[in-house]
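4 protein chains.
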Amino acid sequence: MTFTIGIIGAGRIGQLHVENLSALPFVRVKSVSDIKVDHLQDWAARYQVEELTTDYHLLLQDPEIQAIFICTPTSTHAGIIKEVALSKKDIFCEKPVSFSVKETKEALEVVSKTGVKLQVGFNRRFDPDFIKLRQVVEDGGIGIPHLLKITSRDPAPPSIDYIINSGGLFMDMMIHDFDMARFMIGSEVKTVSAVGAVLIDPKIGEVGDIDTAIVTLTFANGAIGVIDNSRQAIYGYDQRVEVLGSEGMAHVENNRPSTIEISTKDRVVKDNPLYFFIERYKDAYIEEVKEFVNLCVMGKKNICDGNDGLQAELIAKAAKESLDKGHPVHLDLYESHSK
Amino acid sequence: MTFTIGIIGAGRIGQLHVENLSALPFVRVKSVSDIKVDHLQDWAARYQVEELTTDYHLLLQDPEIQAIFICTPTSTHAGIIKEVALSKKDIFCEKPVSFSVKETKEALEVVSKTGVKLQVGFNRRFDPDFIKLRQVVEDGGIGIPHLLKITSRDPAPPSIDYIINSGGLFMDMMIHDFDMARFMIGSEVKTVSAVGAVLIDPKIGEVGDIDTAIVTLTFANGAIGVIDNSRQAIYGYDQRVEVLGSEGMAHVENNRPSTIEISTKDRVVKDNPLYFFIERYKDAYIEEVKEFVNLCVMGKKNICDGNDGLQAELIAKAAKESLDKGHPVHLDLYESHSK
Amino acid sequence: MTFTIGIIGAGRIGQLHVENLSALPFVRVKSVSDIKVDHLQDWAARYQVEELTTDYHLLLQDPEIQAIFICTPTSTHAGIIKEVALSKKDIFCEKPVSFSVKETKEALEVVSKTGVKLQVGFNRRFDPDFIKLRQVVEDGGIGIPHLLKITSRDPAPPSIDYIINSGGLFMDMMIHDFDMARFMIGSEVKTVSAVGAVLIDPKIGEVGDIDTAIVTLTFANGAIGVIDNSRQAIYGYDQRVEVLGSEGMAHVENNRPSTIEISTKDRVVKDNPLYFFIERYKDAYIEEVKEFVNLCVMGKKNICDGNDGLQAELIAKAAKESLDKGHPVHLDLYESHSK
Amino acid sequence: MTFTIGIIGAGRIGQLHVENLSALPFVRVKSVSDIKVDHLQDWAARYQVEELTTDYHLLLQDPEIQAIFICTPTSTHAGIIKEVALSKKDIFCEKPVSFSVKETKEALEVVSKTGVKLQVGFNRRFDPDFIKLRQVVEDGGIGIPHLLKITSRDPAPPSIDYIINSGGLFMDMMIHDFDMARFMIGSEVKTVSAVGAVLIDPKIGEVGDIDTAIVTLTFANGAIGVIDNSRQAIYGYDQRVEVLGSEGMAHVENNRPSTIEISTKDRVVKDNPLYFFIERYKDAYIEEVKEFVNLCVMGKKNICDGNDGLQAELIAKAAKESLDKGHPVHLDLYESHSK
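Residue numbers (UniProt numbering), protein chains in the order written: chain A, 1 to 339; chain B, 1 to 339; chain C, 1 to 339; chain D, 1 to 339.
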């Protein structure tokens, strides 16, 4: 019994998935495609990848390959999803599904018609801390949820080139938090209200984006929430979630490389948070691909499906509109509106 | 050398001020007035209060009394401030100065003309934790401030009677946080955007108030901020402040009755936060009256003056308007607007 | 109703007691004696002390004075205790009762015969953290106590002059921890085993003392324990206690001036522990004199009596003998032995 | 380039090593031997073990196998070490090397003569927290080390059968802490002084062992230290180390499964420490085998060699003698003594 996988896109995240998949028993990463593959020979050998190609269609035509990971730039996701779905292979697609709600919906329709499985790469749903927090909330450990607080800050801004193609802070960065908000509260977002600022690098403003933002949410179940994002938390990747409920409050803190504390004449020093997502979500990335295999092979529950991808995009679009227009945006009106 | 004080209003907070003042060397609390005083005989003896009266005008006429504490219901503050100012005594007034920006302005004008000193009772400015945090921010310890986060939750909602006369959540409760925001960032608030909900007790909604709220702020210096309030954090008084800046982040956590941790079979248990403001701000209340004495007797800096009172009220009004109208409110437009 | 007190010895700790007593309602510190008193005029006025004298016998003869605080050098304690007891006044005596078990026993006999009350100044028994920890242990919150760990380190060594007259590290410093050990476990010490070193200042060794020590204890109830002391924890006063039991573990941590944490590029910084005993045990010193007043006036339980003073001295003597002889010392044998 | 390994002993720890080795690129676990192997077929397939045998001599004779892991009961270690050394294969041996200082010395002599490499399985030296702590101490981050404190407690006692064959608490459990003490202080132990008790299970006493112990150490460099052990910390595996130095103090705390904190009406709850060594030292076990491969293949430094194994045994023996005789034991005298 072997589960055979192909990977489209071998950038940082594509490689990470290959490495994590290669450590799973019974999983075979047969083929990897990218625009260039010559530099990947040693890496492929190390992780027993059998085939490198610049033509991802070969993967779609390979009858041995049962599932495809889409790790290409976002602008190509929706198109490839449709092709893969039509080739009847299961799909793992990196977030966001696309920059366009319309394209995402079309892709999801093809997925739905062909009946293949689709898992979207919101890796934080697979983090042990957040899973535990969600469990407490779901089990009523803090009563009925009233107020959600998500702090999510990167250690350093990406390049301006990256930002130009990122879809903007809401679609590129806060989209993770929009998904976390839905996951944690277990209810849909009703309204979105955003403030944003360019405080870290004026060039980010020049290309039409922001680098610091606070977004307020209201949920269908009555709860309210707030997300704050910064492209630069100089002390490291800041990832905290807190839920206040009628019977208590639960929260998770940053993970640190060690528990060391050093007390000297003037101060007590401890470690900064883990530097960035690769370090912080190391285990989540492993769990994410394990769960995808479980979904495809054992028919387990889909923890992050296409609709989850779509909803996060809708909220991100609404946040951008709220920022641009200076008023809150209602998601239900918004959808017809944005068509 | 003695500094002689009179107290108008001997409810919980008035009594607390007397007790704290009585422990200061060289301070004499000569007279206390309230609507009823018979039940206060023993208490007055214990703290060497010499005179109890139901007519606060006696205090204004007493040439020995150099300063007056106004601890009556808010609706009476502005009127009494004017009377005290005209009697040429220095004033400590509990927050808020009034429920009406117009009344507050009129009272401040009288204060200004008479040249008496006025300190407003935003006690949190005198808390050692927040002072230390402000010091770090002011000294550039975290660079230029980008993002402020204030969490401020009461352990239990007050009675519906209290809420009816409170001026509403923004004017009664979050007004402390509006003041903290200005104090911590050292810049004026430009825009206010509020969401609110009735999640704890429907009766609070029935009397036209909310019990849970998130307010987003933008500041003149470019920073942005968010405050969350709940009338019921069942685990105790939750008072946290965090500032993210260009060079780092600083925050203060809740104070707990002890550092004890108990590890048993299923969990590690530590103490809840201190229960409510009397416990949490015990030292701040002492410092507040010390600083008032320093202000009056030694001419030290006014740490919380009439304008601080006014600005917090303006923000509270704007927050209410934002909640009611469903869009952000610009404070500069707002003032002319609200006249 | 007033409780009238005289103070013998107005050094740092004597003054602290006066200041704390002066804040209690119904307590009158009438007289203070010391070898020199001229420099104390302003201080005495500030705290309403009515009489300053260089002859403490005047206090013993004053029929108004109901209780005496003995805050003189240790070598004089036992003699003064006897005089005060014969004058039929209640006694608060600083620790240790004396440097000599024989003298202590003689003093306690006079106390016993005259029936006056005697409270010994082991201030840590009155610290809210340690009280809470003891409560958990006493209530069976961690089952049957198995293992006690006390860490107790001063921020900086005292002068060599002080050390010469201190009675040595065990009698001067660790005696607090010996008392804490008995208090926390609620059982008598059976055996004592010490290692010690001169690591901080060779001059401390030259005058026959040590500056760093670890002492292992066994208790009558079967539990075992360990105390570590250092004369120099450069990061501040380190005061931690931990008890492991059959059903769990409980511990208290250091107290810090604030909860602030500052996260910058390289590290997260928090406050050092409170600097020394005056800061750390501020509340304990207040509680200690309150409880003494409660003991004398209201007949409440004696939380730290003469026998507690004696037992701590016995353990300190045994620790010194263990260090000198290089083997464990049995306390029951020891007493007859040391007569 | 492949490094080929054979494993002798496939109990819990042997299996763990195979699983960790199988995830390393270029490492091949060719053969595993144990007394019984039938039940291991599936497990072996899963981790690509090619050969299962009940005769470990086959591994010694296999020219492909370059290194051997000895994971058998301790009583067999020394004998197998000699055999493996004579077969010219490198050796990883679980702790302790043997129960007999004499046997250990003989085995080390053969290792020395044959020139093979020997790494002893003190896994804690490879834990990221302890490595960081050691680095701080070694780099002078806390000045000259004065005092070491190790707390090391198991969540639950092993079976009586296990205890009977364990070599006793000092040789089986505290031996890890003796090694940690030498590693952390970077100096040899001079004297050992032990107290011990049977507090958890009287049966442990009946078979001549103890379940709770405190051992005091003095080091050649002048530092002093203390280790406490309990066979039952009901709240989980308690693994803490602290070093006080002339310029500060550094310590590491327990690792927890998550950072979650849940605040409810009566208390704040956080996770217990990770349950036991498999969970707590998961990463250390991986690093340990990586470093062994680095040692054998790339000639890197031996982080835990045969002498480290020997020294820990000597201290364990001395601790037992100290407990039995009731006085401290000097290690240098001890060695000749114990021959």
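Please keep in mind that the hints were generated in silico from the structure rather than gathered at the bench. Worth double-checking, as some hints may not be accurate.
Which copy? The list can't say, so a pair holds if one copy fits it or any two copies do.
Listed below are the simulated DSS-like cross-link pairs for lysine-lysine, each with C-alpha atoms no more than 30 Å apart in a straight line [what the hints assert, rightly or not]: (1) K203 to K190; (2) K265 to K301; (3) K203 to K265; (4) K265 to K282; (5) K270 to K113.
Please read these numbers as outputs of a predicted model, since none were measured by experiment.
Each hint, compared with the structure:
no.: 1; hint: K203 to K190; in the structure: between (33 Å within a copy, 24 Å between copies)
no.: 2; hint: K265 to K301; in the structure: neither (54 Å within a copy, 32 Å between copies)
no.: 3; hint: K203 to K265; in the structure: between (41 Å within a copy, 22 Å between copies)
no.: 4; hint: K265 to K282; in the structure: between (35 Å within a copy, 22 Å between copies)
no.: 5; hint: K270 to K113; in the structure: neither (53 Å within a copy, 46 Å between copies)
In the structure shown, a violation is registered for the earlier hints numbered 2 and 5, in ascending order.
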